[in-house]
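Protein chains: 4
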Amino acid sequence: MSYVKDFTWNKDMTAGELAGSLGSVGFQGTELAKAAAIVEKMKETGAKVFLTFTSNMVTSGLRGFFAQLIELGVADAVVTTVGSVEEDIMRASGEQFAIGSFAANDFALHEEGTNRVGNLYISNKSYEKFEAAMGTTLAALYAHKKTWTVSEMLREIGLTLSDPHSILHHAAKHNVPVFCPAITDGAFGFHLFMFQQDHKDFMVDVVRDFQHILECTSHDEKKGIICLGGGVSKHYAIFTCLLNGGFDYAVYLTTSQQYAGSLSGATTSEAKSWGKIKDDSDAATVIGDVTITFPLVMVKALEELAAKGLLRQ
Amino acid sequence: MSYVKDFTWNKDMTAGELAGSLGSVGFQGTELAKAAAIVEKMKETGAKVFLTFTSNMVTSGLRGFFAQLIELGVADAVVTTVGSVEEDIMRASGEQFAIGSFAANDFALHEEGTNRVGNLYISNKSYEKFEAAMGTTLAALYAHKKTWTVSEMLREIGLTLSDPHSILHHAAKHNVPVFCPAITDGAFGFHLFMFQQDHKDFMVDVVRDFQHILECTSHDEKKGIICLGGGVSKHYAIFTCLLNGGFDYAVYLTTSQQYAGSLSGATTSEAKSWGKIKDDSDAATVIGDVTITFPLVMVKALEELAAKGLLRQ
Amino acid sequence: MSYVKDFTWNKDMTAGELAGSLGSVGFQGTELAKAAAIVEKMKETGAKVFLTFTSNMVTSGLRGFFAQLIELGVADAVVTTVGSVEEDIMRASGEQFAIGSFAANDFALHEEGTNRVGNLYISNKSYEKFEAAMGTTLAALYAHKKTWTVSEMLREIGLTLSDPHSILHHAAKHNVPVFCPAITDGAFGFHLFMFQQDHKDFMVDVVRDFQHILECTSHDEKKGIICLGGGVSKHYAIFTCLLNGGFDYAVYLTTSQQYAGSLSGATTSEAKSWGKIKDDSDAATVIGDVTITFPLVMVKALEELAAKGLLRQ
Amino acid sequence: MSYVKDFTWNKDMTAGELAGSLGSVGFQGTELAKAAAIVEKMKETGAKVFLTFTSNMVTSGLRGFFAQLIELGVADAVVTTVGSVEEDIMRASGEQFAIGSFAANDFALHEEGTNRVGNLYISNKSYEKFEAAMGTTLAALYAHKKTWTVSEMLREIGLTLSDPHSILHHAAKHNVPVFCPAITDGAFGFHLFMFQQDHKDFMVDVVRDFQHILECTSHDEKKGIICLGGGVSKHYAIFTCLLNGGFDYAVYLTTSQQYAGSLSGATTSEAKSWGKIKDDSDAATVIGDVTITFPLVMVKALEELAAKGLLRQ
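For the record, the sequence lines run as chains A, B, C and D.
Under the working numbering, the first residue of the first sequence carries the number 44, and numbering increases by one thereafter.
Under the working numbering, the first residue of the second sequence carries the number 44, and numbering increases by one thereafter.
Under the working numbering, the first residue of the third sequence carries the number 44, and numbering increases by one thereafter.
Under the working numbering, the first residue of the fourth sequence carries the number 44, and numbering increases by one thereafter.
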């Protein structure tokens with residue numbers, strides 16, 4: 044049995060020390076430190092690690108952190124939604140997202156061509172630039188072959204990007220597949236559609252990506268998941284891994300809770316009833332905004348993994 | 044300016060009266076009555092209505108209500124996730140989902156082949172029966188043609204179902220398209236994949252469904268959305284409608300809130316910054332579990348619409 | 044084992060039927076119907092029932108419903124915060140609260156003397172009228188005796204009110220004590236302070252009210268609680284009842300959840316670890332805004348209790 | 044206009060750097076960094092600072108941090124609930140609180156005399172020891188005088204404690220008053236009641252504490268509040284300060300939101316409609332569990348304040 048320890052600040056506290064000391068504070072602080080310890084175990088045991096996140100997190104400054112985690116070898120596969128892809132590409136082409144307010148005048152924003160995501164703003168110009176780039180990109184892909192799975196397509200796009208903070212860039216460079224089961228749900232999808240209007244034999248084969256995600260890992264390997272938020276990113280990763288025997292390690296960071304039965308709020312315990320997470324797995328759930336909890340979990344884990352030489356140089 | 048009215052119970056209160064009187068109670072009660080009034084307006088103005096929901100709501104008894112709303116002509120298009128499709132088919136084939144507990148022993152449930160969704164249980168046997176049916180279904184589809192959009196496929200399946208509480212049945216019968224942008228994210232997707240392994244030219248064209256959803260409505264028509272929960276169902280409907288000028292009427296029922304920037308918690312105001320909802324639209328957001336709030340909103344709206352002869356006979 | 048039933052609407056559905064049918068829908072709908080059944084049991088077994096609520100619910104139209112529940116004999120003791128007392132008195136004197144917006148311009152509201160509680164508005168004039176009345180009220184109390192417990196004081200005030208929708212009126216009339224452990228936390232407290240400035244021997248004895256709440260019930264009696272929201276109202280009722288052996292029946296309706304360790308979000312299970320609720324008690328928790336969930340729970344329970352002749356005529 | 048910056052980890056990151064960099068990440072990270080900046084301003088401008096918190100935070104390891112903040116001169120007045128007082132005294136007498144699980148078997152815990160607060164456990168033995176100490180404490184107070192305000196009483200108790208992590212100890216030592224408007228709502232209240240049974244003239248004067256809290260600050264002074272969670276602690280501080288013209292600086296850290304109209308979820312904007320916070324005040328609200336967000340806000344603020352020599356040595 045461990046006991047609550049009084050938290051006190053000292054001037055020279057490192058970020059990892061802070062995160063570690065929250066473990067003895069209680070409530071979600073304790074869950075957070077537990078999550079960090081499970082991430083460490085994932086890498087120590089050589090587990091294949093799935094990282095899943097929603098697109099609003101890529102609107103935020105976590106985008107560069109996801110890229111860094113791929114670069115450091117923490118993530119072996121990524122599952123996300125199409126907004127993440129769009130915004131990673133926008134940012135890689137130099138576009139910036141402004142920090143505004145949750146209580147903005149949305150009428151005025153619309154008038155000036157600004158789109159709000161929580162307290163962050165994306166300009167219509169970023170979408171226009173993205174549209175122009177997509178024309179070139181899809182033409183190049185099509186010149187190569189007519190039918191693409193999503194993960195193949197995202198890899199090709201990643202190879203064209205050079206931004207050191209880009210998720211797709213590091214994913215392509217380090218052979219980390221990026222899955223996006225709802226590829227048509229956004230501007231990317233609209234551009235696929237427009238391109239297909241002029242190239243009737245252009246085809247995105249979402250079914251065959253099932254094979255690619257199954258091949259990411261095997262029944263016998265240790266498997267771990269770091270799952271940020273919910274939605275199809277979360278479900279696709281845990282459902283496909285179920286077919287390979289389920290996860291040995293699971294860390295959920297989310298704002299949702301289970302009372303309304305949503306998958307986004309489904310706990311790691313609920314996942315055990317499905318076999319998505321093994322009964323004897325190490326699992327933790329941290330409730331709170333991921334822009335705060337995820338950096339904290341990871342600074343603690345990275346500090347330890349760096350010390351043990353378990354990060355890719 | 045309207046004022047708070049003291050709520051009092053009387054013995055002969057109808058369900059619609061209850062919902063209506065909540066409008067003068069305040070807080071979410073007021074939002075709920077406002078949502079009902081907006082749904083009424085949608086139908087009075089002849090707006091095309093999109094109904095979106097997540098699969099956990101189909102696990103619940105709202106499934107039959109969604110089917111009834113299609114039958115009554117309230118919904119002109121449906122967007123959902125693939126779990127909804129799977130579970131509607133299971134239920135249509137006679138399977139039942141048990142009511143259990145949020146605090147179940149998930150280890151024990153897993154041992155006995157029971158999968159938990161909040162406080163509801165789905166048996167492995169229901170999935171097995173579904174798997175067997177999918178083999179036959181996909182063979183029949185393939186015999187007809189090799190490449191399918193998702194909405195075409197779901198319509199064909201709906202035509203084979205006869206359960207009067209089935210969403211797909213009523214959707215097919217009344218020519219209400221069902222869109223499912225992440226069709227591979229679940230057991231249905233796995234069976235598509237298995238079938239494709241043996242039939243290499245079997246193809247699901249998710250890109251072409253973009254055309255179908257755009258054709259559901261036009262720039263000049265009034266458009267409304269009843270959006271339950273978040274995720275890709277919500278985003279696909281509002282994003283594609285944006286391309287047709289955005290919604291005139293919008294009702295969001297959700298448990299999520301905007302502080303973490305998720306699309307699921309994004310408000311109707313945020314949607315206005317994007318043009319997804321028109322600046323001068325009628326919009327309401329009700330925070331709470333949809334299993335409670337949605338029936339309340341709709342009993343009020345249906346009572347009025349029935350009185351005005353605006354429901355399909 | 045019970046099973047999910049497809050919810051369908053029919054024209055003549057009563058409010059109680061609606062609430063009852065939610066029990067077979069799942070998620071919080073199921074909890075809601077369970078809560079209604081437990082309230083019925085409380086009255087069938089002759090349990091003493093504590094009703095606790097926070098002051099924002101009295102700002103809302105639930106105020107008149109609380110009064111009606113006291114009148115109908117559903118509640119045997121009330122615990123609340125001082126804002127409830129203030130606003131019940133304001134409303135009893137004819138003041139009205141306006142229905143506004145959560146997204147109001149609070150600067151403009153302040154300029155015009157309007158105070159916001161969620162989407163409800165209380166005018167400065169209502170506070171001024173309350174202040175004037177308090178002067179007279181306290182003088183009358185003081186003329187009677189110098190030291191008062193809170194529940195005695197609220198009973199005397201209730202006897203002076205005649206509004207049929209007033210909580211204090213019906214509580215006084217039916218000998219239902221109203222406890223308010225933080226009596227100084229609001230305008231009422233400020234007026235007590237101002238009065239004491241001029242009458243140094245005027246004393247509010249909060250300690251002696253402990254005896255009164257303990258005497259509301261005995262160790263041997265059945266005890267039930269209907270607990271709306273959290274805070275001191277909730278804690279005072281469950282803590283004092285613990286001293287009498289804990290509750291046999293407990294229904295919590297709240298928006299808070301347990302992940303941050305707050306009492307407001309503490310579950311009925313957590314209460315069992317303290318003995319606040321008996322291990323073998325009937326208990327249910329419904330998550331959601333009480334302006335919606337509470338009327339639903341109660342219309343179902345009241346319909347049954349009326350049919351069984353268990354309501355006070 | 045500032046822009047989102049990609050967060051990246053580096054080995055030597057201090058805790059303050061981490062918190063600072065979250066400001067450019069977005070969503071609640073941005074609010075968090077804003078909150079830290081406002082706390083800095085409070086001290087730079089010489090504002091009187093109110094610190095309010097709920098008792099579950101004193102169950103957690105934040106207890107020692109609150110004590111440290113008083114010691115460092117960050118807080119000039121404290122408002123809390125009675126559980127905080129009880130548990131600070133227990134801990135000061137050597138009792139420990141165990142770290143357990145949110146999903147504990149509460150029946151088993153009750154059997155073994157363990158009381159759960161979220162994922163933390165308090166033993167019955169700690170309450171028994173507290174009971175014994177209270178007898179002596181109250182006798183000593185009574186020997187001194189018969190009538191006490193709460194803040195006077197808590198100061199006397201604080202003077203008897205020597206634990207360097209005790210809130211009451213540092214508050215008494217540094218003349219920081221501790222207000223507790225609902226002093227009878229817990230075991231402390233029960234012991235007051237038992238003592239009064241034997242000493243009929245023992246009186247706790249809650250009304251006169253109103254004067255003490257009003258005297259903490261003046262209309263002309265700058266005033267700031269750091270408000271953790273909601274309930275009476277929050278309301279008492281902002282209501283009484285309203286009488287002195289309202290706060291110039293306000294930082295709210297909470298898990299509650301405004302949709303149900305509760306005071307706990309009331310925003311700093313809503314507070315402006317009441318004049319509780321000045322229209323032109325600096326205000327920030329961070330949504331999330333305080334065990335995580337509060338240390339982050341403060342490590343950033345303390346780092347800056349230390350550098351500027353604005354902390355008490």
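In case anyone wonders, no lab produced these hints; they're calculated from the structure.
Treat the hints loosely; a few may be bogus.
One copy or two, either will do: identical chains are not told apart, so a pair holds if it fits within one copy or between any two.
Here are the simulated DSS-like pairs of lysine-lysine, each with C-alpha atoms no more than 27 Å apart in a straight line [unchecked claim]:
#: 1; residue 1: K54; residue 2: K351
#: 2; residue 1: K216; residue 2: K77
#: 3; residue 1: K188; residue 2: K84
#: 4; residue 1: K172; residue 2: K91
#: 5; residue 1: K189; residue 2: K351
#: 6; residue 1: K48; residue 2: K321
#: 7; residue 1: K243; residue 2: K189
#: 8; residue 1: K48; residue 2: K216
#: 9; residue 1: K321; residue 2: K216
#: 10; residue 1: K77; residue 2: K54
#: 11; residue 1: K351; residue 2: K168
#: 12; residue 1: K188; residue 2: K243
#: 13; residue 1: K168; residue 2: K188
#: 14; residue 1: K77; residue 2: K188
#: 15; residue 1: K321; residue 2: K54
#: 16; residue 1: K91; residue 2: K265
#: 17; residue 1: K216; residue 2: K54
Going down the list of hints, with the structure as the test:
1. In this assembly of identical chains, K54 and K351 lie within 27 Å of each other by CA distance both inside one copy and across copies; the values are 26 Å within and 13 Å between.
2. Proximity of K216 to K77 under the C-alpha cut-off of 27 Å is found in neither arrangement, the shortest distances being 31 Å within a copy and 37 Å between copies.
3. Within a single copy, K188 and K84 get their C-alpha atoms no closer than 41 Å, and across copies no closer than 49 Å, so neither meets the 27 Å cut-off.
4. Taking the shortest alpha-carbon separations for K172 and K91, neither the intra-copy value of 36 Å nor the inter-copy value of 32 Å comes in at or below 27 Å.
5. Taking the shortest alpha-carbon separations for K189 and K351, neither the intra-copy value of 46 Å nor the inter-copy value of 53 Å comes in at or below 27 Å.
6. Taking the shortest Cα distances, K48 and K321 never come within 27 Å of each other, neither inside one copy (32 Å) nor across copies (31 Å).
7. When the C-alpha separation of K243 and K189 is checked against a cutoff of 27 Å, the pair qualifies both within a copy, at 10 Å, and between copies, at 15 Å.
8. In this assembly of identical chains, K48 and K216 lie within 27 Å of each other by CA distance solely across copies; the values are 22 Å between and 44 Å within a copy.
9. In the homo-oligomer, the alpha carbons of K321 and K216 never lie at most 27 Å apart, since the shortest distance is 32 Å inside one protomer and 42 Å across protomers.
10. Taking the shortest Cα distances, K77 and K54 sit within 27 Å of each other both inside one copy (25 Å) and across copies (20 Å).
11. When the C-alpha separation of K351 and K168 is checked against a cutoff of 27 Å, the pair qualifies neither within a copy, at 45 Å, nor between copies, at 43 Å.
12. When the C-alpha separation of K188 and K243 is checked against a cutoff of 27 Å, the pair qualifies both within a copy, at 13 Å, and between copies, at 16 Å.
13. For the identical chains of this complex, K168 and K188 are neighbours neither inside a copy (30 Å) nor across copies (42 Å), given an alpha-carbon limit of 27 Å.
14. Proximity of K77 to K188 under the C-alpha cut-off of 27 Å is found in neither arrangement, the shortest distances being 46 Å within a copy and 50 Å between copies.
15. Taking the closest pair of Cα atoms, K321 and K54 never come within 27 Å of each other, the shortest separation being 42 Å inside a single copy and 33 Å across copies.
16. In this assembly of identical chains, the alpha carbons of K91 and K265 lie at most 27 Å apart only when taken from the same copy (6 Å versus 49 Å across copies).
17. Within a single copy, K216 and K54 get their C-alpha atoms only as close as 39 Å, which misses the 27 Å cut-off; across copies the closest is 23 Å, which meets it.
Violated hints for the displayed structure, listed by number in ascending order: 2, 3, 4, 5, 6, 9, 11, 13, 14, 15.
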